[in-house]
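Trainee: Residue numbers (the UniProt record's numbering), protein chains in the order written: chain A, 1 to 421; chain B, 1 to 421.
One or more of the hints may lead you astray.
The following label-pair restraints were derived from C-beta to C-beta distances [as the list claims (entries may be wrong)]: (1) B:A286 - A:E414: 53 to 63 Å; (2) B:T343 - A:E37: 57 to 67 Å; (3) A:A112 - B:D336: 52 to 62 Å; (4) B:F60 - A:T73: 26 to 36 Å.
Derived from the structure by calculation, the hints contain no laboratory data. Glycine included, each C-beta is placed from N, C-alpha and C at the ideal position.
2 protein chains.
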Amino acid sequence: MSNGPSRRTFLRGAAAGTALLAGTAARAQTPDPLITEVQPWASGFGDPVDAHPYGMPIRFEDDVVRRNVEWLTADTISSINFTPIHALDGTITPQGCAFERHHSGAIELSKADYRLMINGLVDRPLVFTYADLERFPRENHVYFCECAANSGMEWAGAQLNGAQFTHGMIHNMEYTGVPLRTLLEEAGLDTAGDLSGKWVYVEGADASSNGRSIPMEKALDDCLIAFKANGEALRKEHGYPVRLVVPGWEGNMWIKWIRRIEVTDGPMESREETSKYTDVMKDGSARKWTWAMDAKSVVTSPSPQAPITHGKGPLVISGLAWSGRGAITRVDVSKDGGKTWQTARLAKPGEKMALTRFYLDTEWDGEQMLLQSRAMDDTGYVQPTKDQLREVRGLNSVYHNNGIQTWLVNASGEAENVEVS
Amino acid sequence: MSNGPSRRTFLRGAAAGTALLAGTAARAQTPDPLITEVQPWASGFGDPVDAHPYGMPIRFEDDVVRRNVEWLTADTISSINFTPIHALDGTITPQGCAFERHHSGAIELSKADYRLMINGLVDRPLVFTYADLERFPRENHVYFCECAANSGMEWAGAQLNGAQFTHGMIHNMEYTGVPLRTLLEEAGLDTAGDLSGKWVYVEGADASSNGRSIPMEKALDDCLIAFKANGEALRKEHGYPVRLVVPGWEGNMWIKWIRRIEVTDGPMESREETSKYTDVMKDGSARKWTWAMDAKSVVTSPSPQAPITHGKGPLVISGLAWSGRGAITRVDVSKDGGKTWQTARLAKPGEKMALTRFYLDTEWDGEQMLLQSRAMDDTGYVQPTKDQLREVRGLNSVYHNNGIQTWLVNASGEAENVEVS
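Throw the hints in and build the complete structure from the sequences for me.
Mentor: Shown next, in the form of structure tokens:
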């Protein structure tokens, strides 16, 4: 479809209307009586229903995609990319733009080839096919998955300019799967018996195997063996056909292409939970087993990739908040770098271990802002400042940075990643 | 990545294990100690993180797509296609496989070209740009959208063989948008005043314009001017950049590419609400203004496109239920064509005007079943049989068939669309 002369006429017509007014009274133009041509999109046919059996975003949204940062990792096989959270709204993350983290790349594994073994300290070691898994009772839950290294570059100061890059190693989907508890019971684990000191060791079918240890209490509580996300099959890059879901805990434990679950009498102390995914403290010692993602939030708009383009007057400040320990109960927003705070509106009451969308419907006077958000969860925890975190943990950390993020918004509406003390 | 000799070895190994047992005790195989080769997917690299900036489903899921039925409409421009609900689980419908219904095709309209006019009986007729809309307070809601003609072919008996085709003109997404009420107030409508007899007439920017009248009470209640679905921009085929959301009411009123909202002192009696989208009764008279989609449900698995392939023993029967008048409170499932019923498990408590997933975790003895589901909503309404509907409305209808669906499942696990009386 051509957007030729008629389009230009229409735009000129619209621009001839009353200019946009500042303030709450009117944020639109009065109709222009001079528009006489029919626009091309109103005078011809569009696409038929068989044009795109599986649809993609419209070409105008080509920039709303996952992006990696080349200098962050040595190669793109063992690397990460970032969800374009600056351009999304609501809470659900479409699979197509949900961040990826691979240790040896996203593998292709068919349902026919898929097997899941449960072994170790169980009465009946078992191997499940994909079809077997479909015969157990399923649950549906919306959960966020956040990489432990999300915001990791912020330990050393404001380095990446954009919410996608500082906070985009997170996604939020509706999972369908079988409780891990059900499969462990199927393998003869006596979940009513004494399981103190028992763990599960979980690993994936990719070359990295990415093995992790999970205490039995968590394994039996809410972990899911998931095969659908947002209604459809998991995408290849999210673990097709089956991944582990570990609600609220760091994404590295959400084993993709999960192939084996071993019941053990202690943690495995694997590479992924010793040399990696531990927190190096001030004194150089490493803190391990820091699985839960603490309460955190970020303003997604305005932000460096989503500047204010409309001038003074009504402004919607929006962002995301989450907690791996429960539900978000409140989010405050500051325009002055944390001196004063206003409580934001939650789009819905916070849900356990799921993203919560917040809005602050406000006015912008055109002056510089130091925008921050501060999340609170139902354990009573309040998101700390970056400096509060550094006080306890020093500057050696990579993981678990849930400090308050600051965007400097200047008079032209542009934003950048800054630090305030 | 090649699936060569190693794959065959692995499959042969697995098949050598203990055969699948019937019954609840074990639904998997014991591990096979003979697997010695490393599978190809575990011995090489997969895709890097920059392989697919916006991802698509894995190739093994190529059949999980929207499909149209060629003989249903004269052409594919003014036509429909169907969501593959037989292959989905949970409740969210990804935009890429959510059904489409166009009257003159899916048009391409940029945000820069987009305008929304509010005119008619308002104090201040206004034209909004896309950027204007982003300055008003937003809401997030998950709602189903069902075409009035969904299951329409079932009036004349079981004709289409598959849940995708009988019930697939429905999708369920998380919308972000501005309440229509807010924009009407911005145009000076006194929503506290006497609005009796007032309507809005809404139309789209496509050639069909698809104009519909909506009573003011509904317009002010819960209608949304939406610009995101499942977190991201609306897809072209779902009305990019802006569509109307009319919760619980027939999909034809959910105007895509919405360009104009006129406040009127009565309904417009447009083509789309007189010659179309009215219900021709037994006596030939037409019933109009039947907007709400009554409570309805369907078993999505097993179903003709999702047969039972695993033999006797544990079986998960699953499906969807919804009501345009409120929340689903209960779904019953029958295996004997409605003689006896068991109450299914709802994955979550029903939410207002959103899809509800139900499961019946049961055993299959390998005998023939006449599978049905029956939804109830919080108004006390119980989904009727097709015959009960026909008794009231005769056989002239196309729209609003919410009768109970029956799948005949035979001893081999295959299913077909049948009628029971």
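Trainee: It remains to establish, for every hint, whether it holds in the given structure.
Mentor: Evaluation of the provided hints:
no. : hint                        : result
1   : B:A286 - A:E414: 53 to 63 Å : holds (57 Å)
2   : B:T343 - A:E37: 57 to 67 Å  : holds (59 Å)
3   : A:A112 - B:D336: 52 to 62 Å : violated (34 Å)
4   : B:F60 - A:T73: 26 to 36 Å   : holds (29 Å)
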